[in-house]
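Listed here are the chains, written in short residue letters.
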Amino acid sequence: MKILVPVKRVVDYNVKVRVKSDGTGVETAGVKMSMNPFDEIGVEEAVRLKEKGVATEIIAVSLGVAACAETIRTALAMGADRGILVESDADLQPLAVAKLLKAIADKEQPGLIILGKQAIDDDMSATGQMLAALLGWSQGTFASELTVDGGNLTVKREVDGGMETIVLTLPSIVTTDLRLNEPRYASLPNIMKARKKPIETVKPEELGVDVTPRLTVVSVAEPPKRQAGVKVGSVAELVAKLKTEAKVI
Amino acid sequence: MDFALTEAQEAVRDNITRICTQFDDAYWRKADREVRFPHELHAAMAEGGWLGICMPVEYGGAGLGITEAAIMMQAIAQSGAGMSGASAIHMNIFGLNPVVVFGTPEQKARMLPPLIAGQEKACFGVTEPDAGLDTTAIKTRAERHGDRYIVHGQKIWTSTAQVADKILLLARTTPADQVAKKTEGLSLFYTTLDRAKVEVRHIDKMGRAAVDSNQVFFDGLEIPLEDRIGPEGQGFRTILHGMNPERILIAAEAIGLGLCALERARRYATERRVFGRPIGQNQSIQHPLAECWMELQAASLMTMNAAWAYDTGRDAGALANTAKYLAAEAGFKSCTQAVMTHGGMGYAQEFHVERYLRESLIPRIAPVSRELVLCHIAERVLGLPKSY
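In the order they appear, the protein sequences are chains L and R.
For the first sequence, our numbering begins at 20 and goes up steadily by one.
For the second sequence, our numbering begins at 208 and goes up steadily by one.
Rather than coming from a laboratory, the hints here were simulated on the basis of the structure.
Ideal placement from N, C-alpha and C gives every residue a C-beta, glycine not left out.
Incorrect hints may have been included.
[Unchecked claim] A short, non-exhaustive set of chain L residues, derived as facing chain R with CB atoms under 8 Å:
id	residue
1	I210
2	M211
3	R214
[What the hints assert, rightly or not] Pairs of lysine to any residue residues, derived as SDA-like cross-links and limited to a Cα-Cα distance of at most 20 Å, are as follows:
id	chain 1	residue 1	chain 2	residue 2
4	L	K51	R	T224
5	L	K69	L	G170
6	L	K216	R	E214
7	L	K35	R	T224
8	L	K35	R	D221
9	L	K51	R	A215
10	L	K51	R	E214
11	L	K216	R	R480
12	L	K51	R	D221
13	L	K215	R	G270
14	L	K250	R	R480
[Said to hold, decoys possible] To be clear about the criterion: a stretch of chain R counts as covered by chain L if any three or more of its residues have a C-beta under 8 Å from a C-beta of chain L, and this derived list gives those stretches:
id	stretch
15	221-227
16	255-262
So here's chain L without its partners, still in its complex pose (with noise of 0.2 Å):
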């Protein structure tokens, strides 16, 4: 079986993000980029998924500039075996990427496809749910864990109130949650055989895909700063407060 492991290239999660000036985003100009962690967890669950013997092959995916492929090789030092680049500088938004997903997957046909459940930069956890709608496969969202038994797909789910089990019939999509895995550090030998592993670059028109944005960001701002507290002398004080000022008791 054939995994498909989509990587986003996004601002590291250690770099304390900064809106422009002109409130159009934030910036991203020489600040450090790394995997979308939750797309590292996939690709960890994929390369178990090779040790076991259940996967044969790992292909990482990355959309957007011409760096993604140091994402991509990222992940090939953590195992995978070959990358694809979709190369683009538009603003790659959750549908368009969902469709060039599909036409990956629809000539590559793997059995399943293993998505971080949204990305650290825009938080949208879409692709996933579109990506599974576009090719009518199941899909298990969420997952904490995970466990093939020949078709079919056991995955443990992390809902409101508890944990669920659900059974899929491959292919399927699956998403990662913080808890499936905990990712591997890449080893020096296998950073140097990365450097050697193929990656395949293709342009969105090439498969056929209309990339246009759909939506518009509007303004992106800072969130207000917080206000200092105040320190109270006494329980009764601080009851009083609750009532009179917070006003929520």
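Starting from the known structure of chain L, fit chain R onto it as the hints suggest.
What follows is chain R alone, placed relative to chain L:
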């Protein structure tokens, strides 16, 4: 001239930084206080294949250069591991370079893979109590008896000898009065540290307690012939091959330590409020920190320049010495300034900078003193008469 890191170099830095996040400030403080070797860091580096970063690919290494090794060592020191982390693997990274250059294929196949895999740790026995920088004056004798050498003598400042399985040992095989030049008659060995014939005595020291430094006494250590590296009597020439890489790596470590201290100082200066404003708003606090940053950057460029010269086969002697000098001074200044920025808190172990300051003396002193670096530059670069 391209100063940007390559994709592979960035991968080295980022992956090392990530691995080091497992070893936090509390880990290093505890290792220092309990005089405990950071085995876990060594194991993590071995497991990831990092110990072989500049070893040949055919023996399990990655075949990268000293440039990449320097980036790696800087990232380790900068993570908060300081010299405690760097020294725990330092010798394993570059120390067996003489084996790579002068070893036979049989020796390389036997010696390199266990070191790279972390199954064996190595230490470095060169310095002696009566022959520090004057290496050719060493007195430890290795006498040939048929198919083996028997060693008697003493070494000092042998780091990691408490935990090492192997030793790279320089000893005199022909007495100094029987050779034409005093650089001759020395031989290099890489052999098992047989504790039945070798006594290792711990030296209590100012800082970096986690990584042991020792006096080592040899009383009849037997070394089989096949453990000699290179021709007999040519050990001095052989060992010189490890010196420039070591200076480059220690420079990178000093810079990493300095940047780590600077970051702590920056954070404290931002958070600590006195007279109703952060102390970092005062120029008397911010200007010295800005100066530290500039000096660390300059030293870093010098270090990368030296690493590039070494990796491209150019003469790296003056550059490596200069890098080590400037980096050690910049690292020390930065650690000192970090303590001063913290005021009284800087003196408390809880804030870690006092540990960095104690460690920052090491690159100033080792592996070569500031004074001998200056002598080297005066003599070899400026062409002035030899002073010693």
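Hint by hint, here is what the structure shows:
A hinted interface residue such as I210/L counts as satisfied when its beta carbon comes closer than 8 Å to some beta carbon of chain R; here the least separation is about 5 Å, so the hint holds. Restraint check, M211/L versus chain R: the minimum CB separation of about 5 Å is within 8 Å; hint holds. Residue-level restraint check for R214/L holds (minimum Cβ-Cβ distance to chain R is 7 Å; threshold 8 Å). Taking the CA atoms of K51/L and T224/R, the gap is near 14 Å; set against the 20 Å cutoff, the hint holds.
A threshold of 20 Å between alpha carbons decides the hint, and for K69/L with G170/L the separation of about 16 Å falls inside it, so the pair holds. Restraint check for K216/L and E214/R: satisfied, since their Cα atoms lie roughly 14 Å apart, inside the 20 Å limit. For the proposed pair K35/L and T224/R, the alpha carbon gap of about 18 Å is at most 20 Å, so the pair holds. Between K35/L and D221/R the alpha-carbon distance is near 17 Å, which keeps this suggested pair within the 20 Å criterion.
For a cut-off of 20 Å, the pair hint linking K51/L to A215/R stands: about 15 Å separates their Cα positions. For the hint linking K51/L to E214/R, the alpha-carbon distance of about 13 Å falls within 20 Å, and the restraint holds. With a CA separation close to 53 Å, the supplied pair K216/L and R480/R exceeds the 20 Å bound. The hinted pair formed by K51/L and D221/R meets the criterion: a straight-line CA distance of about 10 Å does not exceed 20 Å.
Between K215/L and G270/R, the direct Cα distance comes to roughly 14 Å. Compliance with the 20 Å bound is thereby established for this hinted pair. Between the alpha carbons of K250/L and R480/R the distance comes to roughly 18 Å, so the proposed pair stays at or under 20 Å and holds. For the stretch 221-227 of chain R, the proposed coverage by chain L is satisfied: 4 residues have a C-beta within less than 8 Å of a C-beta in that chain, meeting the threshold of three. Counting residues of the stretch 255-262 of chain R whose CB falls under 8 Å from any CB of chain L gives 5; the rule of at least 3 is met.
Violated hint: 11 only; the structure is consistent with all others.
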